[in-house]
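In order, the protein sequences belong to chains A and B. Reading the first sequence from the start, the letters are residues 1 to 249 in my numbering. Reading the second sequence from the start, the letters are residues 1001 to 1445 in my numbering.
Simulated from the structure, these hints should not be mistaken for lab results. Keep in mind it's a predicted model, so treat the numbers as computed, not measured. Do not rely on the hints blindly, as some may be mistaken.
[To be verified] In silico PhoX-like links for lysine-lysine, alpha-carbon gap of 25 Å or less:
1) Lys1373(B) x Lys1426(B)
2) Lys90(A) x Lys1020(B)
3) Lys1020(B) x Lys1189(B)
4) Lys213(A) x Lys1209(B)
5) Lys1189(B) x Lys213(A)
6) Lys1189(B) x Lys142(A)
7) Lys1292(B) x Lys55(A)
8) Lys1343(B) x Lys1043(B)
9) Lys1191(B) x Lys55(A)
10) Lys142(A) x Lys1191(B)
11) Lys142(A) x Lys204(A)
12) Lys55(A) x Lys1373(B)
13) Lys2(A) x Lys113(A)
14) Lys55(A) x Lys82(A)
15) Lys193(A) x Lys204(A)
16) Lys213(A) x Lys193(A)
17) Lys1020(B) x Lys142(A)
18) Lys1343(B) x Lys55(A)
19) Lys80(A) x Lys1200(B)
20) Lys1417(B) x Lys1445(B)
21) Lys113(A) x Lys164(A)
22) Lys213(A) x Lys1191(B)
23) Lys213(A) x Lys1445(B)
24) Lys1189(B) x Lys55(A)
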Amino acid sequence: MKVTFKIWRSNSTGGQLQEYQTEIGEGMVVLDAVHQIQAEQANDLAVRWNCKAGKCGSCSAEINGMPKLMCMTRMEDVPKDKPVTIQPMKAFPVIKDLVTDVSVNYRVKKRIKKFKPRQPDAPDGTWRMAQSDIDRVQEFRKCIECFLCQNVCHVLREHDLHEKFAGPRHMVYTAALEMHPLDVEDRREDLKKQEGIGFCNITKCCTTVCPEKITITDNAIIPLKERVADRFYDPLMKLFSIFTKKNSL
Amino acid sequence: MSLLKDGNKIAGAFAYDREKGSFKVFRCKAVIIATGGLGKIYKISSNSWDCTGGGISIAYHAGAELLDMEFVQFHPTGMVWPPSVRGLLITEGVRGEGGVLRNSNGKRFMFDDIPENYRNQTSTNEEEGWRYTQGDKNAKRPPELLTRDHVARCIRREIKEGRGSPHGGVFLDIAWIKEKIPNAADHIKRKLPSMYHQFKELAGVDITKEPMEVGPTTHYLMGGIRVDADTQMTNVSGLFAAGECAAGLHGANRLGGNSLSDLLVFGKCAGESAAKYAKETPLGKIDDSEIKESAREALSPFERESSVDKENPYEIQHQLQEMMQDLVGIVRVESELSEALQKIEQFKLRAAKAACGGNRGYNPGWHTAIELKHMLTVAEAITLAAIERKESRGGHFRDDFPDKSEELGGMNISVAKAEGGKMIRKRIPKVKMRDDLQQIIEENK
Chain A
1 MKVTFKIWRS NSTGGQLQEY QTEIGEGMVV LDAVHQIQAE QANDLAVRWN
51 CKAGKCGSCS AEINGMPKLM CMTRMEDVPK DKPVTIQPMK AFPVIKDLVT
101 DVSVNYRVKK RIKKFKPRQP DAPDGTWRMA QSDIDRVQEF RKCIECFLCQ
151 NVCHVLREHD LHEKFAGPRH MVYTAALEMH PLDVEDRRED LKKQEGIGFC
201 NITKCCTTVC PEKITITDNA IIPLKERVAD RFYDPLMKLF SIFTKKNSL
Chain B
1001 MSLLKDGNKI AGAFAYDREK GSFKVFRCKA VIIATGGLGK IYKISSNSWD
1051 CTGGGISIAY HAGAELLDME FVQFHPTGMV WPPSVRGLLI TEGVRGEGGV
1101 LRNSNGKRFM FDDIPENYRN QTSTNEEEGW RYTQGDKNAK RPPELLTRDH
1151 VARCIRREIK EGRGSPHGGV FLDIAWIKEK IPNAADHIKR KLPSMYHQFK
1201 ELAGVDITKE PMEVGPTTHY LMGGIRVDAD TQMTNVSGLF AAGECAAGLH
1251 GANRLGGNSL SDLLVFGKCA GESAAKYAKE TPLGKIDDSE IKESAREALS
1301 PFERESSVDK ENPYEIQHQL QEMMQDLVGI VRVESELSEA LQKIEQFKLR
1351 AAKAACGGNR GYNPGWHTAI ELKHMLTVAE AITLAAIERK ESRGGHFRDD
1401 FPDKSEELGG MNISVAKAEG GKMIRKRIPK VKMRDDLQQI IEENK
């Protein structure tokens, strides 16, 4: 069947939604439709993609206003009686059409303190860990860095606070390091100041859009918030610190 | 986009910036090609969209010799459905964990065709094959784990003879192991998490309950740019290659896992010897007219946009992929290979008319038009070498010459650009292996 698409095309003054019609066959995903339009009607339509299997995180876009991976959005799940709108991620500057510049994320990630393992447990330089401790961080390792969570987060999307708030992706990354059974680094002060964890007010939009179904807010951000609160806002600790003059705030 | 030379020596590289569309000239003494393979010249491929053979073609046009180009590996198990993921790889691990291949009659067809030279390493009954996958060192491996080329051909045969699955593959079944072990579903999810996820999300298939549909997919190029084994340098001074785009390491058929070790070891070798070479060599001179010519050629698709007989680069690309799949695929025959050569000539004429609109910034139509030259170059190299190798060996199978030839077994086939720009092929005697290395092989036989 013929389906109408409205795709964002950039131009020298900004851009507009342009209408295309293309034939949709059984089993197609939104990315297939975009490629078909590109091959048949708009050769210069820019779209970033690679694996077509939800593993590389390249084809993030907003389909009918919802942040999604184009390769994982099946046409059979999209209403076809009205035009399907495809726009680039709003939280990042557009390079062209559907391609955005997500490099701010790489800069933010670099400033997070790296993995620092404790001394090896055995003389042969190996460690011993409980499976249950590792299971806890396994979820965070599923992140494919599609940055849909960064895109939907209102702190970044509406307020453009990329430099003040690291965003959900980097909270997940920090949680994977902080909760790793071998890690001995302390990132709590950085979380509070540099990464701005306080900006998150737990609307859970990031969890809703995550294509890897990582429970970002509940399993990563809230436990990190608790660690920060423990470190800086525990009244007993505060009292104690007045007398010891250590850990002073 | 091209390499710049001073005589027979590398002097630099000419490139474009994908995002901005601007040109860049790198003045340098050494260049290492590490661009991977060319799976995208086939319709069904496990490779990334940018594996168009660009690096191999660039080296060829700069005078580097290509070797063993006929040896393309088709992995037996790629996804066949839905169309968006056709070709996507299904790991050998599925078969390693006990997954079996069946045709539409439910038959494990791999038992029917076990090559003579593998007979004593392959189990002849299902029970023994199962024990092998469960780590029994006394059991022989199941025929599903025979070499990739052989399994791929058997699957192709089942499909061609009408015993395929609904979407044109065969069935790969791991769910059956529930007959053998308790909690099979959890076991499968734990052992093959990404495969479980891949089928669940993309095809709506629960592999712990139903079989997968699979078919062969273009996976790897054993051949590529000819390099010196110790330095990774090509016959062009200052030009190095490492990884899939380089030839030699995997012979006629790569084994699973060897590519990763290849790029780690020989990537390091290439880097070290390129650095050493650069230290010892003066910077070459770049001819300005060469840069101008490269830029003119690169921009020509824009100029053709207003021409009446312009061609759509995507259309040429799609038709080339179909043609390579049909005529230079898993099973080859002289008449089809010759037909492919003629078609490549026609494609070349059409590619010279490929046009693109828009501007230079992030323009996939332009990129596709530029890549056509490279795709056609490597397609021609594969076809020429495949015609020359009138035998079947490793990843290269000739229906008209199904056996190995002793004479050709001692030969490599090289492809190079002759004076006047024509691609020529020749047989070259295989380099004798060092005695100490040969001894290791004998010991492991």
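Hint check:
1. Lys1373(B) x Lys1426(B): 22 Å, holds
2. Lys90(A) x Lys1020(B): 21 Å, holds
3. Lys1020(B) x Lys1189(B): 44 Å, violated
4. Lys213(A) x Lys1209(B): Answer holds: Lys213(A) to Lys1209(B) is near 23 Å, not above 25 Å.
5. Lys1189(B) x Lys213(A): Holds, at about 16 Å.
6. Lys1189(B) x Lys142(A): Cα-Cα ~15 Å, so holds.
7. Lys1292(B) x Lys55(A): The given pair, whose Cα atoms are some 40 Å apart, is violated under the 25 Å limit.
8. Lys1343(B) x Lys1043(B): 16 Å, holds
9. Lys1191(B) x Lys55(A): 18 Å, holds
10. Lys142(A) x Lys1191(B): At roughly 16 Å apart (the allowed maximum being 25 Å), Lys1191(B) and Lys142(A) satisfy the hint.
11. Lys142(A) x Lys204(A): 18 Å, holds
12. Lys55(A) x Lys1373(B): Given pair Lys55(A), Lys1373(B) is violated - Cα atoms ~30 Å apart, limit 25 Å.
13. Lys2(A) x Lys113(A): Violated, at about 51 Å.
14. Lys55(A) x Lys82(A): Roughly 30 Å between the alpha carbons, so the hint for Lys55(A) and Lys82(A) is violated.
15. Lys193(A) x Lys204(A): 22 Å, holds
16. Lys213(A) x Lys193(A): 28 Å, violated
17. Lys1020(B) x Lys142(A): Between Lys1020(B) and Lys142(A) the Cα gap is close to 32 Å, so the pair fails against 25 Å, i.e. violated.
18. Lys1343(B) x Lys55(A): 36 Å, violated
19. Lys80(A) x Lys1200(B): With Cα atoms ~24 Å apart, Lys80(A) and Lys1200(B) stay inside 25 Å; holds.
20. Lys1417(B) x Lys1445(B): 39 Å, violated
21. Lys113(A) x Lys164(A): Roughly 17 Å between the alpha carbons, so the hint for Lys113(A) and Lys164(A) holds.
22. Lys213(A) x Lys1191(B): 20 Å, holds
23. Lys213(A) x Lys1445(B): 48 Å, violated
24. Lys1189(B) x Lys55(A): 17 Å, holds
Hint check: violations occur at hints 3, 7, 12, 13, 14, 16, 17, 18, 20, 23; the rest are consistent with the structure.
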